[in-house]
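Numbered by our numbering, the letters in the sequence shown go through residues 35 to 329 in order.
If you're looking for bench data, these hints aren't it; they were derived computationally from the structure. Being a predicted model, the structure only gives us computed values, none of them experimental. All residues carry an ideal CB built from backbone N, CA and C; glycine is no exception. Treat the hints with care, since some could be wrong.
[Said to hold, decoys possible] Straight-line Cα separation of at most 25 Å, DMTMM-like style, residue types lysine to aspartate or glutamate; simulated pairs: (1) K265 / D311; (2) K265 / E141; (3) K265 / E186; (4) K265 / D145; (5) K265 / E306; (6) K169 / D279; (7) K265 / E223; (8) K265 / D246; (9) K169 / E141; (10) K265 / E294; (11) K169 / D299; (12) K169 / E62; (13) K265 / D279; (14) K265 / E252.
[Stated by the list, open to error] Have a look at the derived ranges for each label pair, beta carbon to beta carbon: (15) P314 / L57: 21 to 27 Å; (16) G323 / T271: 38 to 44 Å; (17) E141 / E306: 24 to 30 Å; (18) G298 / T271: 36 to 42 Å; (19) P78 / R242: 18 to 24 Å; (20) D137 / L57: 24 to 30 Å; (21) A114 / P213: 29 to 35 Å; (22) A241 / P292: 27 to 33 Å; (23) P254 / D137: 49 to 55 Å.
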Amino acid sequence: MDRLDAEHTGFPADVIPLQYQALLLTDECRMSAFAEAIAHAVAPGMRVLDLGAGTGVLSYFAARQGATVTAIEREPRVFATARAALRAATGDAVRMLHADARDYLPEEPVDLVMCEMLHVGLLRERQVEVINGFKRRYMRHIGGPLPRFLPEACVQAAQPVEQDLTYSGYTVPAPVFQPPRSVQPRTVEAAPPQVFQQFFYSGPLPARCAADLTFVAERPALVNAVRLVTKNLLAVTYDPPGSVDWTMNYLVVPVAEPVEVLTGDEVRIRFEYAPSDEIPALTGGLRAGVPAHAH
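Let the hints inform the model, and build the full structure from the sequences given.
Structure (structure tokens):
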């Protein structure tokens, strides 16, 4: 049996099954941001590679701009569904290949590489691993310059919060996802978020996601959690200068030992994990405390 046809037995986010892929299509903020970014980045005649294409919607957006697209997907059911949908929507503009994005190499140079293996915090999914591997193979076998990447960059921030983790009288200190553009009545923001990591995919990619940040509390709070914010700069624009951004759902993770702060108090937040680690790698090393000089 071909390894691509074998039943997948890895972590759930290593290969996203069809029912979860379909959920992504209903995220209007995600869809509109990628459609706008691809409209900025893709011109007629460009050669575009879509690594981990999923349902193929990004390939569809690129083909709609006049690009010739190669889409790579290894999950058999997702691949079959995407191939049929793309053929119906784009004809021959997209070539769908049943292959693994972690080792695929195009036969000729490409102008743009799209890769949406993204999870807040760069956790779980293999965005960094896949693009790092692609860059090494491309430079070794095809040579420079590297193609443009979409997303182009990533900015990550952390924020100390007091999170209500009690539900109908039942307390469960479990990670919580939050839509970024909605009011969160269960969350008290102890201090504004601070950036702990930023990089361009065309440059060196991080081996670790680490933070050691000191915040000044703007209000009294029991800091029992940290909120992680990941903003993806999908496409940098030059006229006018700016970027097309997509901020993912926030991830609120409880700390093992909460810290009570008053207005003006300092609180230190520390954590470290590797890109594509599971969420427990973040929560297991997450610490909140008072800076040493504050004692």
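Hints violated by the structure (numbers, ascending): When the structure is compared with the hints, numbers 2, 10, 11, 12, 17, 19 turn out to be violated.
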